[in-house]
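Trainee: Sequence:
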Amino acid sequence: MQYIMVASFSLLEDKSVRLISNKHADLSQGFKHLDENIYIKNVSVEEVENLFKINSKAMYKGEMFSASEERKTGKVLLDTTNTELAKKMGFERTDKYMYSKSVEWDEVEIIEERKPYTLD
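Taking our numbering, I'd label the letters of the sequence shown as residues 1 to 120.
One thing to keep in mind: the hints can contain errors.
Stated by the list, open to error - Under the rule of at most 30 Å between Cα atoms (straight-line distance), these lysine-lysine pairs were calculated in the DSBU-like manner:
| id | residue 1 | residue 2 |
| --- | --- | --- |
| 1 | K72 | K101 |
| 2 | K41 | K57 |
| 3 | K96 | K72 |
| 4 | K61 | K32 |
| 5 | K101 | K75 |
| 6 | K101 | K23 |
| 7 | K87 | K61 |
| 8 | K61 | K88 |
| 9 | K32 | K88 |
| 10 | K53 | K32 |
| 11 | K57 | K96 |
| 12 | K96 | K75 |
| 13 | K57 | K101 |
| 14 | K72 | K87 |
| 15 | K15 | K115 |
| 16 | K87 | K57 |
| 17 | K23 | K53 |
| 18 | K41 | K72 |
| 19 | K41 | K61 |
| 20 | K101 | K61 |
| 21 | K15 | K32 |
No lab work stands behind these hints: they were computed from the structure.
With the sequences and hints as input, model every part of the structure.
Mentor: Set out below in structure tokens:
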């Protein structure tokens, strides 16, 4: 049994699953390079044992934020729509209602919520 952690997936019309990765190393797992930092692999539904929707959060200075990895810097990107909290924590406005801040990995505790996803 082989486990592969991918960034996302999509269901295709032929009922196969497209796995999408941002890791160059996944080329050795049969992924094909599609675009800058995007690698894909189509597999049959039978080849997939478990799929999960993973929602990443980060605890930063006692507060919980949505979190993702910045592709260019490798840092943790924190997001919030809470204006007061954003100002208090030194976030920058990145959209009409969104504030973001890049921090180092050792400044946060990552918490992942895993929800099973079924192909039925």
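Trainee: Take the C-alpha atoms of K41 and K61, compute the straight-line distance between them, and say whether it is at most 30 Å.
Mentor: 38 Å, violated
Trainee: Does K15 pair with K115 here, judged by a C-alpha cut-off of 30 Å?
Mentor: 21 Å, holds
Trainee: Decide if the proposed pair is consistent with the structure: K53 and K32, CA atoms, cutoff 30 Å inclusive.
Mentor: 23 Å, holds
Trainee: Are the Cα atoms of K101 and K23 separated by 30 Å or less?
Mentor: 23 Å, holds
Trainee: Given the hint that K41 pairs with K72, does the C-alpha gap stay at or below 30 Å?
Mentor: Given that 30 Å is the threshold and the Cα spacing comes to 23 Å, the pair holds.
Trainee: Are the Cα atoms of K72 and K87 separated by 30 Å or less?
Mentor: 25 Å, holds
Trainee: Between K72 and K101, is the straight-line Cα distance small enough, at 30 Å or below?
Mentor: Given that 30 Å is the threshold and the Cα spacing comes to 14 Å, the pair holds.
Trainee: Please work out if K41 and K57 have their alpha carbons no farther apart than 30 Å.
Mentor: Distance of about 27 Å is within 30 Å: holds.
Trainee: Does K88 lie within 30 Å of K61 when you go C-alpha to C-alpha?
Mentor: 11 Å, holds
Trainee: Measure nothing beyond the straight line between the CA atoms of K101 and K75; if it is 30 Å or shorter, mark the hint as holding.
Mentor: 10 Å, holds
Trainee: For a C-alpha distance cap of 30 Å, please report whether K57 and K96 respect it.
Mentor: Holds, at roughly 22 Å.
Trainee: Between K96 and K72, is the straight-line Cα distance small enough, at 30 Å or below?
Mentor: The given pair, whose Cα atoms are some 23 Å apart, holds under the 30 Å limit.
The structure shown violates the earlier hints numbered 4, 9, 19.
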